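One line per chain: the protein sequences are H, E, D and Y, in this order.
Counted the way my numbering counts, the first sequence spans residues 144 to 594.
Counted the way my numbering counts, the second sequence spans residues -10 to 343.
Counted the way my numbering counts, the third sequence spans residues 3 to 146.
Counted the way my numbering counts, the fourth sequence spans residues 29 to 245.
Take these hints with a grain of salt, some might be off.
Unchecked claim - Each computed DSS-like pair below joins lysine-lysine, with the alpha-carbon atoms no more than 27 Å apart:
| no. | chain 1 | residue 1 | chain 2 | residue 2 |
| --- | --- | --- | --- | --- |
| 1 | H | 385 | H | 330 |
| 2 | E | 173 | E | 138 |
| 3 | E | 2 | D | 119 |
| 4 | H | 547 | Y | 41 |
| 5 | H | 576 | H | 478 |
| 6 | H | 449 | E | 339 |
| 7 | E | 339 | H | 255 |
| 8 | H | 478 | H | 367 |
| 9 | E | 138 | E | 95 |
| 10 | H | 377 | H | 330 |
| 11 | H | 409 | E | 339 |
| 12 | H | 540 | Y | 41 |
| 13 | H | 576 | H | 540 |
| 14 | H | 367 | H | 576 |
| 15 | D | 119 | E | 268 |
| 16 | H | 478 | H | 504 |
| 17 | Y | 91 | E | 237 |
| 18 | E | 339 | H | 239 |
What the hints assert, rightly or not - Pulled a few chain E residues facing chain D out of the computed Cβ check, cut under 8 Å:
| no. | residue |
| --- | --- |
| 19 | 12 |
| 20 | 266 |
| 21 | 304 |
Unchecked claim - Covered stretches of chain Y, as calculated for chain H (at least 3 residues, CB under 8 Å):
| no. | stretch |
| --- | --- |
| 22 | 120 to 130 |
| 23 | 220 to 230 |
Hints in this document: simulated from the structure, not taken from any laboratory.
For clarity, every value in this text was computed on a predicted model and none was experimentally measured.
Glycine included, every Cβ here is placed at the ideal spot set by N, Cα and C.
So the chains spell out like this:
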Amino acid sequence: MIADIDTLHPLETEGARLGIKNPAQRYDRQGERNDQDRMEAAMRAFAHDFGATTAVYLESCIHCGMCAEACQYYVQTDDPRYTPVRKLEPFKQAYKREAGPFAFFYRLFNLKHRVTVDELQEWQELIYDSCTMCGRCSLICPMGIDIARLVGQARHGMFQAGLVPHELWAVAERAEREGSPLGATPKVFKERIDWLSDEYDVQIQVDLDSADILVSMSSIEIMKYPQAIVATAKVLNALGEKWTIRLDGYEATNFGMLSGNAQWQKDLSMKIINAAVKCGAKMLILPECGHAYGAMRWDGANIYGKPLPFEVLHVSEFLARNLRNGRLKVKQVPKSVTFHDPCQIARRGGATQAPREVLAKLGVDLHEMSPGGDLNWCCGGGGGVVTIHRADELRYKVFQIKMKQVDESGAEMLLMSCSNCRQTFDDGQAHFKWDKTAHSLLELVADNLAR
Amino acid sequence: MSHDESIGESLRKQGISRRAFMKFCAATASLLALPPGMAKVMAETLERARRPSVIYLSYQECTGCGESLTRSFSPTLENLIFNMMSLDYYETLQAAAGTAAEAARKTAMKENWGKYLLVVDGAIPLGIDGAYCTIAGESAADILTEAAKGAAAVVSVGTCAAFGGIPHANPNPTGAVAVSAVVKDKPVVNVSGCPPVPEVITGVLAHYLTFGSLPELDHLGRPTVFFGNTIHDRCYRRPYYDEGKFAKTFDDEGARNGWCLYELGCKGPVTYNACPTVKWNQGTSYPIESGHGCLGCSEPDFWDKGSFYSALSTRNWSGGTVLGAAAAAGVAIGVGAAVVSRRRRAQREKEKQS
Amino acid sequence: MSEVGIFPIKRLDVPQAGNRGQLLAVVNEIESMLARLAHDGSSGSIDLRGLPISPDDRDHLRRIFAEGEVRAVIHALGRTEVYESIVRGVWWVTHHDDDGRIAAEFVEVTYMPEILKTPPDDIADGLETLRTQLPTLAEDCHRA
Amino acid sequence: MTLLDFARGAAMKWSIAVFLFGVLWRLVGVLLLRRAHDYSQSRGPSLVAGALQTIITRSWPRKEFRASTAYGVAISYVFHIGLAIVVFGFVPHILLIRSLIGIGWDGLPSGVIYFCSVVTLIALVMAIIRRLTHPVLRLLSNFDDYFSWLVTAAPVLSGLLVVAHFGARYETLLAVHILSVEVLLIWFPFGKLMHSLLLPLARGQTGAFYARRGAST
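Extracted from the complex, chain H is given alone in its bound form (with noise of 0.2 Å):
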C-alpha cells in the first residue's frame, strides 16, 4: 500500500512503531554550516522567543530542583542532568546575554558567557531525546514557571542551528514538502479512504466544497491504525452531520512544532486551516493525537492570527458533548478499563473530563491509574521522542513506570484518546513482551453504537 512513497527518509515499516528507519550512522547536525553560522540562527530564533512571558519565567527559578520530582527520565534514572529546568539551561543563559534587563552587564562582565555549538550539542539529548513536553514539572514548579512551554520554545533554536535529532528532523522535513510525516502523503490517503470505504462498508467524505465539520487525521492513524478513519465516519454518519475530510488539509501532527521549526509549524497547520475556511466548516474535528490538539486548538488562532471561524475539538470532546446532548447513543460495555490520558489533551489541553464523560455513557468500569488525569504520567513518546531510536533505551525506562501504573489499575481494557501514544504502548508491548494492549477510545465508542 505504501510502496510508492518517497525514500528520501526511508520509513521503518515493520516494527510496532511507525517512524524514520534508525539510520545507520548518527548523523544530528543538519547542514553543512560552521559553527558561527549555527550560533546566530540559534540566537536569532531564541531572541523571538524572549517576550514578556518567557523573561518572568526565566527570571522566576529559584533553584529549588522540585521539579525533577516530576520528570519521569529523572524518576526512573535518579540522574541530575534530566532535572528539567536544566534542560532549559542554553536557553536561559542566551536569554541573560541578550534580553534580560541586565543583558547590558551580562555581555559587558561576560557573566554568563556566550552559549556555545558545544553547549547546545550537548544539550540536544536534554531537550529531545529526555523531554516529551508532558508539562508535569510545570505543575509542581512552586513558582508556577511552564517548563514546558519553555522547552519547546528551546526546540526553535536547535532547529535553526541545526541540532535535531536526526529522525525527528527528517520526519518534519517530510511532512513539510510532502504533507505528511510517515508517507500519508494525498495519494496515499485516497487510497487508504477508498479501500476503507469499500472494505468496512462506510461512506467517507472527501473533497467536499461545503461542510459543517471538517475532519482531520493523524498519519499515525492513516497508516497504522485506519480502523479511526472508519470508527469517524461511523459515528459522523450515525449523527447525520454534513462533514468532509479533505485533502488539502488533514494532516493534523505537526512535527514543525515538535522539531523546532516555527515555520513548518505554520506551514502545516495553516493547510487545515485554510481547508476549514475554504468549506466553511463550523467545527474542526482533531483526530486521536495529543500534540495535535496543542497545535490546532491553543496554537492555530495564534498562527491564524486572529481568532479562528471555526470551533477546535477533538473527537473525545466532539463524542462527549453528543452522548451528553443525546444525540448519540451507545450500548452498555461491561468491562474494567483504565484510560491513560494524553498529555497534550488533558494536563497540557484541559480536556481531561471529556474521555471520561464518554466512558460513563458506555457503562464501563473505570479504574484511574495513580496518579491518573491531570497527574498522568506520560507514556514517553510525545513530543517527537518516539521517533527517536537513540533515545530508545531512556523511553523503555520511563515506559516501565505506565506499565506498573496500568497493572496496578487492574482493569481488563486499557483506552487512550491519542494514535501516537498508542503506537508507544504498543512499542512498550512488543519490548517487553506485555500482555497489555492499547486500544483507542473512539473504536470503542464507533464499535458500541446503539441505533
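Model the placement of chains E, D and Y on the given structure of chain H, informed by the hints.
Chains E, D and Y only, in chain H's frame:
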C-alpha cells in the same frame, strides 16, 4: 593640709572611726564590684596610705559634674573620699581667687610633681588657638597640657571631658575636643555621663587610692566595672522588653504600668553606664525608673544621634529625594533595557528575513 | 484616681516582673556557702547591690532570711544594722548613710560579720584608754 | 561616626535606594518586553480568577507530589514563615518599618521572636546542607544560590548574636546586623531573592494560561 599624715590618721582627727571607715570600704568595694573580702584589704591599705594631692580643672562645662559630685557637703559615706584627698585646686569650691588661686595650683603642682591626680571636667576648645576658654590669660589647652605633664594620671569627669560632649556637638563652633585629644602621654580614665553617676567618680578615685592604679578600661577609656554593661541589660524593665510590652506614649497604660520605653526612644541598649545598679540621689532612682528613656549621655556624640524620642532601630536619616530619584532611575533604566532588548530582537528578526 | 497637678494619676497594683530563676540561684548560692562554713569554717558573702533581682524577689529573700535571735546596730557615719537570720549562720548586713538610705547591703555567711568584730587597732586604743583611767581608779579605791 | 551610625544612616539610605532602583529596573525591564496576544478561544470563564487561584494554590504541592517534595517544602515553609515572623513581628523591626513607610502594628513577645529565629536558622542550615548534598540541587546551584543564602542567613544569625550579646559589643553587633540586612537589600534585586516579587507574576501568567485552556494547575 599636710600630705604627710596617713589617711587613717587624718580620718581619726576628723572623728571618723575605724568601723565607719570599714563601712566605707565595704560600700566602695561593693560599688567597684570587688569580691567582698577586698573591703578588708582596702581598709588596711588606705589606713596607711598618704593623702594624695588632687588638682581639679574645669573648662567648657556646666558645673553639672561638680554638682553631681559635691551635692552634699556633710561628711557622708559617698564623699568621704574627699576627706582622704588633698583637693588643692578646684575653682568652683575654693575660697582663694585670682592670683592666689593660680599660685595654689602652681604650688601644689610643684610640691607633688609626678604624683598628683589631675581631674578635668569640660571639653577643651582648640578653635582660634584656644581663645574660647582662657584662665588668667592662659588657654585651657595650654594649662591642661602643662598640668598633665606632672600628673600621675588624669581623670576626665563627664562626657564633655571624656568625649567632647555638648560643646563638641555639631557644628562644634569652638573646636571642642576631649581631654584625651590633648593629653596623649598620660593614662586617662574617662568617667563619662552627663553628669556621671557620683559614686562612679568616687569609685574610680577610691580604686586609684587603694591600688595606686587606674581600673580596667573599655575601648573608650571607661572603667569596665561601671561601664561594662548596657543600661538595657541591667534595666528592671527588661522583662517587659522580652515580653514585647512597650509604652507607646508617655502617658498611656503601658507607661503607667512601667513597661519598656524602647519605642519612646530609650537608648539603653547601646548605652554603657551604671545607672540601673548604682542609681542616682543615694540610690533613689534613675531616668528609666522615673519614666523617661535613657538619652545615652555616657556615649560619644550622644547629642548628634537623632532624636532622643525616636526608637533605636529606626533610621536616623531623611532622604525622600534620594529614594525617589533611585526609583525613577530604576524605572527609566528598566524601560531603556526593555527598549534595547526589543530593538535587538527586531534586528535579529530583520537579519533572519534577509 | 487622684491628681498631681494637671496629670491624672492612676494607681495600679502591678506585680513587678519577677524572675524567680534569679532568686533560686541566690538561695542556692547561700546554701552552698553555708555548707562550706559548716565544713571548713570559711565565710562567704553576697553583695546584694550587684544582683539583678526584682524588688519582689528581694522581698521574698527577706522573708526566707527573716530576723532571728541576734540583732546589732552600729552607729558610724549612719546606722548599720546587722541581724542573724532564722537560718543560723546567715547574717543580713545593711549599711545606711547619714540620710538613712541604703549604701550597701550584704548577706554574710559567717560565724560573725567582720563589721561587728573590734578592729585590732581599736583594741590597742581601748587598752590605752582603759589604762589611762586605771591610776585614777586605783587612787580613788585607795582613798576609799 | 560609629559603625552603628553608619549602618543606621548613610548605609541604610543608600541600600534602600539601590534596592528600589534595582527592583524597579528589573521588574520594568521584564514587564515591558513584548507580550503576545493569545487569540485561541478561551475555555475558562475568567483568566484573572485563574491567575489569582494559581497564585494561591501553587503555595503548596498537589497531593500527588507531596510525598516526594515534603522535606524540601517543609524546610522552605519553616524558614519563610520564620523569617516573616521575625522580620514583621519583632518590635524594633516594626518601629523601623513605621519610620520608613509610616505603617506599624503590634509586635510579638521577644521570646517568641528568639525562638522563631533559632528555628529559622536551623531550617536555613538544613536548606543549605540539602543544597550541598542533593545531587539535583548541587547541579543546579550557582553563585546566586549560595550568596542569596548567605545574605539571608547572615541577618538571622547576627540578629541572634545581638540579642545574645555574643561575640562583640552590643552596638557593634547591632551595626553588623543592620549592615547584613543592607547587604541583603543591595543584593536583592540582582539575585534570586527577587523571586518574592516575581512569584505572583510567574504564577499568575501560568494560572491565566491554564485557565484559558481549562486545565487544572
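Here's how the hints hold up against the structure:
Of the supplied pair hints, the one linking residue 385 of chain H and residue 330 of chain H holds, its CA atoms being roughly 23 Å apart against a limit of 27 Å. The straight-line distance between the Cα atoms of residue 173 of chain E and residue 138 of chain E is roughly 10 Å, inside the 27 Å bound, and the hint therefore holds. Between residue 2 of chain E and residue 119 of chain D the alpha-carbon distance is near 22 Å, which keeps this suggested pair within the 27 Å criterion. As the CA atoms of residue 547 of chain H and residue 41 of chain Y are separated by approximately 60 Å, the hinted pair breaks the 27 Å bound.
Annotation: proposed proximity of residue 576 of chain H to residue 478 of chain H holds, straight-line Cα distance about 23 Å (limit 27 Å). Between the alpha carbons of residue 449 of chain H and residue 339 of chain E the distance comes to roughly 23 Å, so the proposed pair stays at or under 27 Å and holds. This hinted pair checks out: residue 339 of chain E and residue 255 of chain H have alpha carbons roughly 25 Å apart, not beyond 27 Å. Restraint check: the Cα-Cα separation between residue 478 of chain H and residue 367 of chain H comes to about 26 Å, which is no more than 27 Å; the hinted pair holds.
Distance check on the hinted pair: residue 138 of chain E and residue 95 of chain E sit about 13 Å apart at the alpha-carbon level, within 27 Å; holds. About 23 Å separates the Cα atoms of residue 377 of chain H and residue 330 of chain H, which keeps this hinted pair within 27 Å; it holds. Among the hinted pairs, residue 409 of chain H with residue 339 of chain E is consistent with the structure: their alpha-carbon atoms are about 19 Å apart, no more than 27 Å. Distance restraint check for residue 540 of chain H and residue 41 of chain Y: the Cα-Cα separation of roughly 57 Å exceeds the 27 Å cut-off, and the hinted pair is therefore not satisfied.
For the hint pairing residue 576 of chain H with residue 540 of chain H, the CA-to-CA distance comes to about 14 Å; that is within 27 Å, so the pair holds. Taking the CA atoms of residue 367 of chain H and residue 576 of chain H, the gap is about 20 Å. The hint holds against a cut of 27 Å. At most 27 Å may separate the alpha-carbon atoms for a hinted pair to count; residue 119 of chain D and residue 268 of chain E exceed this at roughly 31 Å. Restraint check: the Cα-Cα separation between residue 478 of chain H and residue 504 of chain H comes to about 13 Å, which is no more than 27 Å; the hinted pair holds.
Of the supplied pair hints, the one linking residue 91 of chain Y and residue 237 of chain E is violated, its CA atoms being roughly 47 Å apart against a limit of 27 Å. Distance hint between residue 339 of chain E and residue 239 of chain H is fulfilled; the C-alpha atoms sit about 21 Å from each other, no more than 27 Å. Taking 8 Å as the C-beta cut-off, the interface hint given for residue 12 of chain E holds, the closest approach to chain D being about 5 Å. A least Cβ separation of about 7 Å between residue 266 of chain E and chain D falls short of the 8 Å threshold, and the interface hint therefore holds.
The interface hint given for residue 304 of chain E is broken, as the beta carbon of that residue sits about 30 Å from the closest beta carbon of chain D, more than 8 Å. By the rule of at least three residues with a Cβ nearer than 8 Å to a Cβ of chain H, the coverage given for the stretch 120 to 130 of chain Y is violated, with 0 such residues. A count of 7 residues in the stretch 220 to 230 of chain Y with a Cβ less than 8 Å from any Cβ of chain H is obtained; the coverage claim is therefore met, three being the minimum.
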